[in-house]
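A.B. asks: Take these sequences, add in the hints, and give me the full structure.
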Amino acid sequence: MMGTITIRRAATAVVLTIAWCGLWGAFSAANVLSGLLLSVAVIGLGTSVPERGGVNVPAFIRLHWLVFADLVRSTINVAVEVLTPKDHTQEAVVGVDLPDSGRNHLLFLVVAITLTPGTAVIDVDTENNRIYLHLLHKARMEETVAHTKRLADLACEAMPIRTSEAAEAAS
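According to my numbering, the sequence shown is numbered sequentially starting from 1.
Warning: the hint list may mix true and false statements.
Unchecked claim - In silico SDA-like cross-links for lysine to any residue, where the CA-CA straight-line distance does not exceed 25 Å:
{"hint": "1", "residue 1": "Lys138", "residue 2": "His88"}
{"hint": "2", "residue 1": "Lys138", "residue 2": "Ala92"}
{"hint": "3", "residue 1": "Lys149", "residue 2": "Leu23"}
{"hint": "4", "residue 1": "Lys138", "residue 2": "Val78"}
{"hint": "5", "residue 1": "Lys149", "residue 2": "Thr75"}
{"hint": "6", "residue 1": "Lys86", "residue 2": "Met141"}
{"hint": "7", "residue 1": "Lys138", "residue 2": "Pro160"}
{"hint": "8", "residue 1": "Lys138", "residue 2": "Asn56"}
{"hint": "9", "residue 1": "Lys149", "residue 2": "Pro160"}
{"hint": "10", "residue 1": "Lys86", "residue 2": "Ser74"}
{"hint": "11", "residue 1": "Lys149", "residue 2": "Met159"}
{"hint": "12", "residue 1": "Lys86", "residue 2": "Pro160"}
{"hint": "13", "residue 1": "Lys149", "residue 2": "Gln90"}
{"hint": "14", "residue 1": "Lys149", "residue 2": "Ala69"}
{"hint": "15", "residue 1": "Lys138", "residue 2": "Ala120"}
{"hint": "16", "residue 1": "Lys149", "residue 2": "Glu91"}
{"hint": "17", "residue 1": "Lys86", "residue 2": "Ala139"}
{"hint": "18", "residue 1": "Lys86", "residue 2": "Ile76"}
{"hint": "19", "residue 1": "Lys149", "residue 2": "Arg62"}
{"hint": "20", "residue 1": "Lys149", "residue 2": "Asn128"}
{"hint": "21", "residue 1": "Lys149", "residue 2": "Val124"}
{"hint": "22", "residue 1": "Lys149", "residue 2": "Ala13"}
Hint data in this document are derived by calculation from the structure and do not stem from the laboratory.
C.D. replies: Here's what the structure looks like:
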C-alpha cells in the first residue's frame with residue numbers, strides 16, 4: 001500500500017532530505033522543508049527503493065569501500081595524467097554486459113562509475129542490460145570491464161532483490 005508509513009520509508013525520506021541539503025550546501029529551514037517535500041513526493045510516486053529485499057551490510061560496506069578506493073585511485077591517475085607533459089591517453093568506448101540482476105542497480109552503477117575520474121557512462125541499453133563506458137586509457141579496457149562486472153555483482157549482493165519481489169515490482 002502506497003500510503004503506509006513504514007520505518008524504511010521514513011528512513012528513506014530522512015536520507016533523501018540530508019542528500020538534498022548536502023546538494024545545496026546548507027541545512028537551512030527552507031532546504032530541510034523542500035527536501036522533505038521532495039522526498040515525500042518521490043516516495044509517494046513509488047520511485048523509491050523496494051519495500052522488500054533488505055541490505056547485506058558486510059557486502060554493502062565492501063561495495064562502498066570499493067567505490068571509495070576507485071575514486072581515490074582514479075583521481076590520482078587523472079592528476080598524474082594532467083601533470084605529465086606528454087599526453088598518454090588513448091580513449092576508447094566499450095560496452096559492458098551486466099548480469100540480469102544488475103538491472104535492479106543501474107542507477108547506482110552509473111553514478112559509481114561516472115563518479116570516478118577517467119571513466120564515464122555514456123549510454124545505457126536497458127533492453128540488453130548493457131552499459132557503454134568512455135575510457136581515457138584503452139590499455140585498461142579488459143581490467144575496467146572486469147571491474148565493472150565486479151561492481152555490479154557486489155551491488156546485487158549488497159542490495160538483493162528476490163525474484164518474486166522483482167516480479168511484483170515490475171507489475
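A.B. asks: Confirm or reject each hint.
C.D. replies: Status of each hint after checking the structure:
1. Taking the CA atoms of Lys138 and His88, the gap is near 10 Å; set against the 25 Å cutoff, the hint holds.
2. Pair hint Lys138 plus Ala92 holds up; C-alpha atoms about 5 Å apart against a cutoff of 25 Å.
3. With a C-alpha separation of about 29 Å, the suggested pairing of Lys149 with Leu23 is violated against the 25 Å cut-off.
4. About 14 Å separates the Cα atoms of Lys138 and Val78, which keeps this hinted pair within 25 Å; it holds.
5. A distance of roughly 21 Å separates the Cα atoms of Lys149 and Thr75; the hinted pair therefore holds under the 25 Å criterion.
6. Annotation: proposed proximity of Lys86 to Met141 holds, straight-line Cα distance about 21 Å (limit 25 Å).
7. Distance hint between Lys138 and Pro160 is unfulfilled; the C-alpha atoms sit about 32 Å from each other, more than 25 Å.
8. Simply put, Lys138 and Asn56 have alpha-carbon atoms about 34 Å apart, too far for the 25 Å limit, and the pair is violated.
9. With a C-alpha separation of about 16 Å, the suggested pairing of Lys149 with Pro160 holds against the 25 Å cut-off.
10. A C-alpha spacing of about 18 Å is found between Lys86 and Ser74, which places the hinted pair at or below 25 Å, so the restraint holds.
11. The suggested pairing of Lys149 with Met159 holds, with an alpha-carbon distance near 15 Å, which does not exceed 25 Å.
12. The suggested pairing of Lys86 with Pro160 is violated, with an alpha-carbon distance near 45 Å, which exceeds 25 Å.
13. For the hint linking Lys149 to Gln90, the alpha-carbon distance of about 22 Å falls within 25 Å, and the restraint holds.
14. Only pairs whose Cα atoms come within 25 Å are accepted, and Lys149 paired with Ala69 is accepted, the gap being roughly 16 Å.
15. Distance check on the hinted pair: Lys138 and Ala120 sit about 13 Å apart at the alpha-carbon level, within 25 Å; holds.
16. Taking the CA atoms of Lys149 and Glu91, the gap is about 20 Å. The hint holds against a cut of 25 Å.
17. As the CA atoms of Lys86 and Ala139 are separated by approximately 17 Å, the hinted pair is consistent with the 25 Å bound.
18. For the hint pairing Lys86 with Ile76, the CA-to-CA distance comes to about 17 Å; that is within 25 Å, so the pair holds.
19. The straight-line distance between the Cα atoms of Lys149 and Arg62 is roughly 15 Å, inside the 25 Å bound, and the hint therefore holds.
20. Under the criterion of a C-alpha separation no larger than 25 Å, the hint pairing Lys149 with Asn128 is consistent with the structure, at around 15 Å.
21. Proximity of Lys149 to Val124 is assessed by CA-CA distance (about 15 Å); at most 25 Å being required, the pair is judged to hold.
22. A threshold of 25 Å between alpha carbons decides the hint, and for Lys149 with Ala13 the separation of about 30 Å lies outside it, so the pair is violated.
Against the hints set out earlier in the document, violations occur for numbers 3, 7, 8, 12 and 22.
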